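These protein sequence lines map, in sequence, to chains A and B. Quick note: the first sequence uses my numbering, first residue 1, plus one each step. Quick note: the second sequence uses my numbering, first residue 1, plus one each step.
Simulated from the structure, these hints should not be mistaken for laboratory data. Keep in mind that this is a model prediction, so the values were computed, not measured. Mixed in with the good hints, there may be bad ones.
[Said to hold, decoys possible] Rough simulated footprint, nothing fancy, chain A against chain B, three-plus residues with beta-carbon under 8 angstroms:
hint	stretch
1	33–41
2	47–56
3	145–157
4	196–205
[Unchecked claim] Stretches of chain A that chain B covers, calculated by requiring three or more beta carbons in the stretch to come under 8 angstroms of a beta carbon on chain B:
hint	stretch
5	71–77
6	482–492
7	521–530
Yeah, the Cβ is synthetic: ideal placement off N, Cα and C, and Gly gets one too.
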Amino acid sequence: MSAEVKRPVPIDDPSHGRARSLAAESVDTELLPPDAEWLADHLGSCPDCAAVAEEYRDLHLELRGLSAPEPPRDLWARTSAALDMAGAARGGRWRRRSRPVSPRGAGSRQLVSTAVAVGIVVVVAVASLIVQSPVSNNAPGSTQSGAIVVGTPSWSGPSGGPQAPLAVVNGTTYWIAASDGVYEIKGGSTQCVATDGSCTVPSGTGQTLGSISSDSAVSAIIAPDASQAAVWTSDKVAIMPLGAETQTVSLDLLTPQPTPAATSTTQPATPSPATTAVSATAGASAESPRPSPSSAATPAELPSATPAVSPSATPAESPSASATDATQAIAILSGYEIVGRDPEFSPDGSMVAFSARPADHSTGPDVFVWQAGDAQAQPVTSGHADLFSGWFGQQILISEISATPGAAGATPAATAGATPAATAGATAGDTAGATAGASAAAGDTAGATAGASAVAPGGSGTVGSTSYVFDPSTGESFMITTPMLLPVVDPTGKYLVYWSGTVEFDPVSGLWQPGEGDLYFDSWSDLTLVPASLGPVATPTEAPAPSASATPASSAAATESPASTPTPSPTDAGVLAPGSSPSPNPESSAAPATQNPAGPSMPQLLPAAATVGAVHDWLVSWDASGQNVAIWVADPGSDTIGTLNLFSIDRNAGLVETNEPLLAADTVMSSIAFDSGYLVYTSAVDGKTYRQTVPDVPASTVLTPAPSLPDAGSPGAGSPGATASYSVAPQTTDRPGS
Amino acid sequence: MFINTTTWHVERGVSLESEASADRTFIEELFALHHAEIYAYIFRMVRDADVAADFAQDTFIKAYRAQDSLEDRAKARAWLYQIAHRVVLDEMRRRRIVRFLPWTGESYGAAPSAEHLAMEMRLSGPLARALVRIPDRQRAALLLAEVHDLTGLELADTLGVSHVAARALLTRARESLRQALADEKRQEKDREAAIDAAYSEQARAGDPRRHGGRRPRSGR
């Protein structure tokens, strides 16, 4: 059975649609007399509509006849105990509370959970691409990235529907099986049916590679080489080895070991040179992405992560490098819950990055990085509003939602039902405000303690989203001047997909959530990066905005103009940042004519959702060649089922061929990955996992992708580190004739 | 001991301790009044008793922590549903809960089968499956309006949308469920026909063990 899902057949005659709508409404609502009369007349002359109306009534009766399930007898006892703990926990804050401020604070600097999902997908997707493609896997040192899975034994559904696999890598499927508090990470051979493309893992081929016991739901990702996994619960993150001989790890009993050079992750960061390696000191790693070198750099001049560029900032210098035994499971963070996208291994498997916030929600999320050999994960931001967006080579993309106190119209209200919306695609002015807002947050200790936002209760602020490129080996960070949330860069470093729209504060979760927004395709190499401590630099050509008529995000982008640039960069944008070493950008030098040939058409709105502005939860996955991008968008109201589109990129024209998607399927599970020339996805209709062939990219022309930094087009602009750090093969080139 | 939350407008005292105590008392009252229906709603959404209990507990804890967000205590019931609704959707998202049987065919635990669910909720098998198939938000709207008797305004508050949007969502939900149910019934009919055909084929082949070519009926 094909996973292509049938959409409701449109009713050509609007009167039938109106009749069915009124019939549905009339089930439990008294229609206005004119409507009721019209409906009666129509049903009298339309047997089909009359039958539908009868079905509505039958459903109504059957639903109303449902019996009520009995709550467990101990529900009050356990709730009461939890209330006691909650009361004790908030006792300290209680006395500072004054109505109408929430005890937890207004939380304007807290972040996105939905975006997280989005990001999660993206991150995973990127990793999957880089890793799972046979092209990339052929090269030594190339990585294979696992996807994400959550094992919750009690959630097996009654439908007999599908469960998406954790990851599919070179024909091997990884998944999590859970039973009675034990979670097993398994792998098995995938066999696909040629006729319909559906795939299964024959029983008996599965092998347990890791076992975890926990009283909490456990999630996991697999390292690129499947040698270890990152697992986490609602308040703990751990790293565990995978192998044929497994011992069950009791996750609840693991506690992080102190790292000699690391201070507590809950301690505020102290400013330090941005060139300090993340693992060298906690201070450096705890620094917000904003701190940066004093000199500016264009996108293509982003400092490299290579030892040659930053000789004093190599991972080997971590004082805690020998603090752990790779054969033992270790807890790398405790007392924090993952926020946003799932953790993800770096392409070489040496690091894990994620965003998390204290389990008591006392502050918003920050980004953490764990490096192989370290005993603990270290925070690399301190803004309490930062989300891990994904890996780009050995660098990290981070998105930060920030608020500017005093600006009007975007203060999150703590009252239920009053969800404010703010523009996430920050304007240039917003970006400047982001820095100010973040600074305010860092100094707002009272707010941090109370879990409040940077914006004072009752105050106001403009909310925006700014994304950064952060190098964990040097501590340097660069701000992407184009406002965006959770960017996903293709493995070749030429294009990216990001989200732009409004964010809304959810008082229940205390996080910002994506509101109305869309995904955009843009040229990564044409973006501008500036050291994070500087004000944004936005010019019409550097930061093109979505068209005003295309999206709500355009309202924000429309305000982005040179006139709105608050403070021009005082530095020479053509000067490399300290420690960087220019090197040619293979892509840009090889095909200069293709650098954003579309010009003003960028960014391109991706029609991934049924309606404009309806992308709230999404996944983006590039294949290793950067030739194809898969985009999954959640259905309204659903977290796990959505629509999947597979688009091909015209890399010469710099456009996504949106009119002819290679695949357009709905009712697809929220797990997608590229593997061995296929896009692998799971249908929620029949529960089967399918493979969609992606256009063949000759191996001779698609070598191991080497991420490159954006190229602003400056003569001599380089992408240090891109080729130096990942120079396992030449940069990916476009397909001949494409 | 408990009072009607719709008329509970007692001005709380200035004593912080007494305020905290009053807040606790208020939550206890809400629990006594509404825990059964909140649990039932959550159960119908997640279809697992243990998870529903966890989420119900979370709902009241969140309500306790966020009492200041309740502006009008006359709307406490809808406010609770709103929190429960968010808990369900957020937790499902956060945990990335997989609600389906694994594609590998491996059991993932003791979650209720569709048949068990149907018995539990007195639903027909096709209707239970159809409910599972429609989007979470639509299922929530249907359950809240049809089963839990939320008014249009309460439904809108719970879902965090306008009244008009809530009505539209409910209409779409009914249509989605109708189509899903029709599809489920059609599939069930097809399965029955396929099985009948297989038995007939075996009968024609002369297999005496196959009840003379007629398979035993399930009694449905």
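Against the structure, the hints:
Coverage of the stretch 33–41 of chain B by chain A holds. Counting CB-CB distances below 8 angstroms, 5 residues qualify, and the rule asks for three or more. With 8 residues having a beta carbon nearer than 8 angstroms to a beta carbon of chain A, the stretch 47–56 of chain B meets the requirement of three or more and the stated coverage holds. Counting residues of the stretch 145–157 of chain B whose CB falls under 8 angstroms from any CB of chain A gives 5; the rule of at least 3 is met. Note: the stretch 196–205 of chain B has 0 residues with beta-carbon separation from chain A under 8 angstroms; the three-residue rule is not met and the coverage is violated.
Figure legend: the stretch 71–77 of chain A, annotated as covered by chain B; annotation consistent (4 residues with Cβ-Cβ distances under 8 angstroms, at least 3 required). Counting residues of the stretch 482–492 of chain A whose C-beta sits closer than 8 angstroms to any C-beta of chain B gives 0, which falls short of three, so the coverage hint is violated. Three residues within the 8 angstroms Cβ limit are the bar, and the stretch 521–530 of chain A against chain B gives 0, so the coverage statement is violated.
Violated hints for the displayed structure, listed by number in ascending order: 4, 6, 7.
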